[in-house]
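Same order as they appear, the protein sequences are chains A and B.
Each step along the first sequence adds one to the number in my numbering, with nothing skipped, and position 105 is 105.
Each step along the second sequence adds one to the number in my numbering, with nothing skipped, and position 131 is 131.
Hints are computed from structural coordinates only; laboratory data are not their basis.
Don't take every hint at face value.
Said to hold, decoys possible - List time: in silico DSS-like cross-link candidates among lysine-lysine, alpha-carbon distance up to 27 angstroms:
(1) A/Lys239 / B/Lys185
(2) B/Lys239 / A/Lys185
(3) A/Lys24 / B/Lys60
(4) B/Lys60 / A/Lys36
(5) B/Lys60 / A/Lys60
(6) A/Lys239 / B/Lys128
(7) B/Lys94 / A/Lys24
(8) A/Lys116 / B/Lys239
(9) B/Lys24 / A/Lys60
(10) B/Lys60 / A/Lys231
(11) A/Lys128 / A/Lys140
(12) A/Lys94 / B/Lys92
(13) A/Lys60 / B/Lys39
(14) B/Lys231 / A/Lys116
(15) B/Lys39 / A/Lys94
(16) B/Lys24 / A/Lys239
(17) A/Lys36 / B/Lys231
(18) A/Lys239 / B/Lys124
(19) B/Lys39 / A/Lys39
(20) B/Lys60 / A/Lys39
(21) B/Lys39 / A/Lys36
(22) A/Lys124 / B/Lys231
(23) B/Lys231 / A/Lys92
(24) B/Lys185 / A/Lys92
(25) A/Lys39 / B/Lys139
(26) A/Lys39 / B/Lys138
(27) A/Lys92 / B/Lys94
(28) B/Lys185 / A/Lys94
(29) A/Lys36 / B/Lys185
(30) B/Lys231 / A/Lys231
(31) B/Lys92 / A/Lys239
(32) B/Lys239 / A/Lys231
(33) A/Lys92 / B/Lys92
(34) B/Lys92 / A/Lys116
(35) B/Lys92 / A/Lys231
(36) A/Lys128 / B/Lys239
(37) B/Lys92 / A/Lys36
Protein chains: 2
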Amino acid sequence: MEAVIEKECSALGGLFQTVIADMKSSYPIWEDFITKAGKMQSQLRATAVAVTAFLDAFQKVADLATNSRGGTRDIGSALTRMCLRHRSIEAKLKQFSMCFLEGLINPLQEQMEDWKRGVNTLDKDHAKEYKRARQEIKKKSSDTLKLQKKAKKADNLGRGDIQPQLNSAMQDVSDKYILLEETEKHALRRALIEERQRFCCFVTMLRPVVDEEISMLAEVTHLQTISEDLKALTSDPHKLPPASEQVILDLKGSDYGWSYQTPPSSPSTTMSRKSSMCSSLNSVNSSDSRGSSGSHSHSPSSSSSSSS
Amino acid sequence: MEAVIEKECSALGGLFQTVIADMKSSYPIWEDFITKAGKMQSQLRATAVAVTAFLDAFQKVADLATNSRGGTRDIGSALTRMCLRHRSIEAKLKQFSMCFLEGLINPLQEQMEDWKRGVNTLDKDHAKEYKRARQEIKKKSSDTLKLQKKAKKADNLGRGDIQPQLNSAMQDVSDKYILLEETEKHALRRALIEERQRFCCFVTMLRPVVDEEISMLAEVTHLQTISEDLKALTSDPHKLPPASEQVILDLKGSDYGWSYQTPPSSPSTTMSRKSSMCSSLNSVNSSDSRGSSGSHSHSPSSSSSSSS
Numbered sequence: 001m002e003a004v005i006e007k008e009c010s011a012l013g014g015l016f017q018t019v020i021a022d023m024k025s026s027y028p029i030w031e032d033f034i035t036k037a038g039k040m041q042s043q044l045r046a047t048a049v050a051v052t053a054f055l056d057a058f059q060k061v062a063d064l065a066t067n068s069r070g071g072t073r074d075i076g077s078a079l080t081r082m083c084l085r086h087r088s089i090e091a092k093l094k095q096f097s098m099c100f101l102e103g104l105i106n107p108l109q110e111q112m113e114d115w116k117r118g119v120n121t122l123d124k125d126h127a128k129e130y131k132r133a134r135q136e137i138k139k140k141s142s143d144t145l146k147l148q149k150k151a152k153k154a155d156n157l158g159r160g161d162i163q164p165q166l167n168s169a170m171q172d173v174s175d176k177y178i179l180l181e182e183t184e185k186h187a188l189r190r191a192l193i194e195e196r197q198r199f200c201c202f203v204t205m206l207r208p209v210v211d212e213e214i215s216m217l218a219e220v221t222h223l224q225t226i227s228e229d230l231k232a233l234t235s236d237p238h239k240l241p242p243a244s245e246q247v248i249l250d251l252k253g254s255d256y257g258w259s260y261q262t263p264p265s266s267p268s269t270t271m272s273r274k275s276s277m278c279s280s281l282n283s284v285n286s287s288d289s290r291g292s293s294g295s296h297s298h299s300p301s302s303s304s305s306s307s308s
Numbered sequence: 001m002e003a004v005i006e007k008e009c010s011a012l013g014g015l016f017q018t019v020i021a022d023m024k025s026s027y028p029i030w031e032d033f034i035t036k037a038g039k040m041q042s043q044l045r046a047t048a049v050a051v052t053a054f055l056d057a058f059q060k061v062a063d064l065a066t067n068s069r070g071g072t073r074d075i076g077s078a079l080t081r082m083c084l085r086h087r088s089i090e091a092k093l094k095q096f097s098m099c100f101l102e103g104l105i106n107p108l109q110e111q112m113e114d115w116k117r118g119v120n121t122l123d124k125d126h127a128k129e130y131k132r133a134r135q136e137i138k139k140k141s142s143d144t145l146k147l148q149k150k151a152k153k154a155d156n157l158g159r160g161d162i163q164p165q166l167n168s169a170m171q172d173v174s175d176k177y178i179l180l181e182e183t184e185k186h187a188l189r190r191a192l193i194e195e196r197q198r199f200c201c202f203v204t205m206l207r208p209v210v211d212e213e214i215s216m217l218a219e220v221t222h223l224q225t226i227s228e229d230l231k232a233l234t235s236d237p238h239k240l241p242p243a244s245e246q247v248i249l250d251l252k253g254s255d256y257g258w259s260y261q262t263p264p265s266s267p268s269t270t271m272s273r274k275s276s277m278c279s280s281l282n283s284v285n286s287s288d289s290r291g292s293s294g295s296h297s298h299s300p301s302s303s304s305s306s307s308s
C-alpha cells in the first residue's frame, strides 16, 4: 500500500516540478514577445505618422483634380472620398497601435513580475508542505516501528493489549500518505492552473487588440465602392466628359473675363503674365455661378458631406 | 463679326493658358505626393520586417501553450491559427508595399517627365499655330483693306468690277477667323484632355494598390472567428479543463516515469536536477500514446492543417 502511494506521490511531485520548471524557463519567450511587440508597435506608430503626411499630400492631388478645368471634378470628389476613408483607417491604425501598447505590451510586462512571484511562491509552498508531510510520515512510521517491536516483545510475553494501539498507528501512517497524495495533487493542480492562467491572461489582453485590428476591416467595403467609382470615372481618358465640352461651349459667346495673353518673348515677363492670368481666373470664378468649371476651393467639410 | 470671334478666341486662348499654367504649377504637388508616398512605403517595408519578427515571437508563445501541461493545447492551437492568419496579413502587407512602390511611386515619377514634356509641346504647338493663324488673318485683313481702298477708288471712277474680289477677300478673313477659333478650341480641348489624362493615369496606377490594400484588410475577417474561439477557450481561467484533470488521474496509478526530485539545498545541483527531469519528461512522451499532455513538438505543418 505505502509503496504504491509513494510511487504515485513521486510521479505527482515530478510533474509538479516539470510544470514549475517549464514556467520558469518560459520567461525568455515572453520577454522576446514583449521586445518584438514593442518594436512592431513603434514601427506602427511611425507608419501612422507617415500615413498622415501621405494623406495630406493625397488630398492635395484630389484637390487638384477637383479644381482643374479638365472635367475631373468627379474624379477629384472620388479621390477625396478615398482620402477620407483612409483617414478613418489612419485613425484606426493609431487606435490599434495605442491599444497594442497600453492593452498588451505594458500590462504583459507588469504581469511577468506577478508570474515570477506566483511561481516562486507555488514552488516554496509545495516544498514546505512536502517536507512537513514527509516528516510526519517519518515520525508516524518510526512510532509504528517502535510499537511493532513493542508488540513483538509483548506477544512473546503473551500480552496482546498493544495490538489496537499498533493498528491505530499504522492507520495514522496510511492517513498521512493519503494526505501527502492529496497535497501533491493539490499542488500539481495549482501549478497547472497557474500555467493555464498565463495564457488566459494573455488572450484577455490580446483580444481587444485584435478587435481594434478587425475594426479596420470595416473600412474596406467603402474602399471597394470608391475604387469602382474611380474606375468608371476614368474609363475613357482620351475623351472629355460632357461637362467639359460644355465649358468650351459656354466660353464661346460668354462674357467671361478670359483673355489671351500674348506669350512673352523673354522669361523676365513670366511673373506679370502669371499674375494677370490669375486675376482673369479669379474674375471667372466670381462670375461663374454654376461652378461647373471654376476653381472653387475644396473645403474638407464639403468633401466630407459628399462622401456620406 | 470679327470683334465677336476675336473676343471668343481670346477667351479660349486665355483658358488654354490657364490650364497649361495650372498643369505646370501642379508639379510640386505631385512631387510632394511622390515623396510622402516613398516615405510611407519605406515605413510599410520596415513595419513588415517588424511584423515578421513579432510573429516569430508570437508563434513561440503559441507553441508554449500547445506544449504546456496545463490543458492549454486548444488555446495554443487557436493562437497558432491567429498567428498563421497574421502571416497572411504580413504577406499581403509586403505585396501591398511592393505594389505601392512598383505600381504607383516609380511609374508616377517616370510619368512626371512625360507630363512635363507633353505640356511644353502643347504650349509651343499652340503658340506656333496661334502665331501663324494671326499672321494669316493680318495678311488677309491688309489685303482686304487694300481692296477696300481700291474699291473706293474704283467706285469714285465708276468702275464696280472689284466688288466680287473684295467680297471674296472679306470672306477669306472671316474664314481665317473661324479657323483661328477652331484652332483655339482644338488646343483648349487638347489641354483639358491632357490635364484630365493625368488623373486618369493616376487612378489607373492607384487602383491596383487599393486592390492590394483591400485584399490585405480582407484577411482580417478570419481573425473574428479565431478571436471568438480564444474567448470561449479562456472563459474560465480558474478551472482546469477535463483533459488536464484526466492527466492527474492518469498519472495516479500509471507507470509513468515521473519521479519527484528532492529540491536541492544548494543551487549547484540545479543542472543535474534539470537534466534528470528532462529525461523523465521524455520517457513520458515516448510512453504517452494518446498525446493528451505530452510535450510533442508543434510543427508548422500540423498547425497549418489544424487551422483549415
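Each hint, compared with the structure:
1. A hinted pair counts as satisfied when its Cα atoms are at most 27 angstroms apart, and A/Lys239 with B/Lys185 qualifies at roughly 14 angstroms.
2. Using a Cα cut-off of 27 angstroms, the hinted pair B/Lys239 and A/Lys185 holds, with the two alpha carbons roughly 14 angstroms apart.
3. With a C-alpha separation of about 15 angstroms, the suggested pair A/Lys24 and B/Lys60 falls inside the 27 angstroms cut-off, and the hint holds.
4. For the suggested pair B/Lys60 and A/Lys36, the alpha carbons sit about 12 angstroms apart, so the restraint of at most 27 angstroms is met.
5. With a C-alpha separation of about 45 angstroms, the suggested pairing of B/Lys60 with A/Lys60 is violated against the 27 angstroms cut-off.
6. Under the criterion of a C-alpha separation no larger than 27 angstroms, the hint pairing A/Lys239 with B/Lys128 is consistent with the structure, at around 24 angstroms.
7. Distance hint between B/Lys94 and A/Lys24 is unfulfilled; the C-alpha atoms sit about 36 angstroms from each other, more than 27 angstroms.
8. Simply put, A/Lys116 and B/Lys239 have alpha-carbon atoms about 21 angstroms apart, close enough for the 27 angstroms limit, and the pair holds.
9. At roughly 15 angstroms between alpha-carbon atoms, B/Lys24 and A/Lys60 fall within 27 angstroms of each other, so this suggested pair holds.
10. Of the supplied pair hints, the one linking B/Lys60 and A/Lys231 is violated, its CA atoms being roughly 44 angstroms apart against a limit of 27 angstroms.
11. Of the supplied pair hints, the one linking A/Lys128 and A/Lys140 holds, its CA atoms being roughly 18 angstroms apart against a limit of 27 angstroms.
12. Our distance criterion of 27 angstroms between C-alpha atoms is met by A/Lys94 and B/Lys92, whose separation comes to about 20 angstroms.
13. With a C-alpha separation of about 17 angstroms, the suggested pair A/Lys60 and B/Lys39 falls inside the 27 angstroms cut-off, and the hint holds.
14. Among the hinted pairs, B/Lys231 with A/Lys116 is consistent with the structure: their alpha-carbon atoms are about 25 angstroms apart, no more than 27 angstroms.
15. With a CA separation close to 18 angstroms, the supplied pair B/Lys39 and A/Lys94 stays within the 27 angstroms bound.
16. With a CA separation close to 21 angstroms, the supplied pair B/Lys24 and A/Lys239 stays within the 27 angstroms bound.
17. Taken as a hint, the A/Lys36 and B/Lys231 pair is honoured in the structure, with Cα atoms around 24 angstroms apart against an allowance of 27 angstroms.
18. Under the criterion of a C-alpha separation no larger than 27 angstroms, the hint pairing A/Lys239 with B/Lys124 is consistent with the structure, at around 22 angstroms.
19. Straight-line distance between C-alpha atoms of B/Lys39 and A/Lys39 comes to about 18 angstroms, which keeps the hinted pair within the 27 angstroms bound.
20. Restraint check: the Cα-Cα separation between B/Lys60 and A/Lys39 comes to about 17 angstroms, which is no more than 27 angstroms; the hinted pair holds.
21. Pair hint B/Lys39 plus A/Lys36 holds up; C-alpha atoms about 23 angstroms apart against a cutoff of 27 angstroms.
22. Among the hinted pairs, A/Lys124 with B/Lys231 is inconsistent with the structure: their alpha-carbon atoms are about 32 angstroms apart, more than 27 angstroms.
23. Note on B/Lys231 and A/Lys92: the hinted pairing holds, with a Cα-Cα distance of about 23 angstroms set against a maximum of 27 angstroms.
24. At roughly 48 angstroms between alpha-carbon atoms, B/Lys185 and A/Lys92 are farther apart than 27 angstroms, so this suggested pair is violated.
25. As the CA atoms of A/Lys39 and B/Lys139 are separated by approximately 76 angstroms, the hinted pair breaks the 27 angstroms bound.
26. Taken as a hint, the A/Lys39 and B/Lys138 pair is broken in the structure, with Cα atoms around 74 angstroms apart against an allowance of 27 angstroms.
27. Annotation: proposed proximity of A/Lys92 to B/Lys94 holds, straight-line Cα distance about 20 angstroms (limit 27 angstroms).
28. This hinted pair does not check out: B/Lys185 and A/Lys94 have alpha carbons roughly 50 angstroms apart, beyond 27 angstroms.
29. Distance check on the hinted pair: A/Lys36 and B/Lys185 sit about 62 angstroms apart at the alpha-carbon level, beyond 27 angstroms; violated.
30. Under the criterion of a C-alpha separation no larger than 27 angstroms, the hint pairing B/Lys231 with A/Lys231 is inconsistent with the structure, at around 41 angstroms.
31. Under the criterion of a C-alpha separation no larger than 27 angstroms, the hint pairing B/Lys92 with A/Lys239 is inconsistent with the structure, at around 36 angstroms.
32. Pair hint B/Lys239 plus A/Lys231 does not hold up; C-alpha atoms about 56 angstroms apart against a cutoff of 27 angstroms.
33. With a C-alpha separation of about 18 angstroms, the suggested pairing of A/Lys92 with B/Lys92 holds against the 27 angstroms cut-off.
34. Of the supplied pair hints, the one linking B/Lys92 and A/Lys116 is violated, its CA atoms being roughly 38 angstroms apart against a limit of 27 angstroms.
35. In summary, the hint linking B/Lys92 to A/Lys231 is supported, as the alpha carbons are separated by about 23 angstroms, within the 27 angstroms threshold.
36. With a C-alpha separation of about 24 angstroms, the suggested pairing of A/Lys128 with B/Lys239 holds against the 27 angstroms cut-off.
37. As the CA atoms of B/Lys92 and A/Lys36 are separated by approximately 20 angstroms, the hinted pair is consistent with the 27 angstroms bound.
Checked against the numbered hints given earlier, this structure breaks hints 5, 7, 10, 22, 24, 25, 26, 28, 29, 30, 31, 32 and 34; the rest are met.
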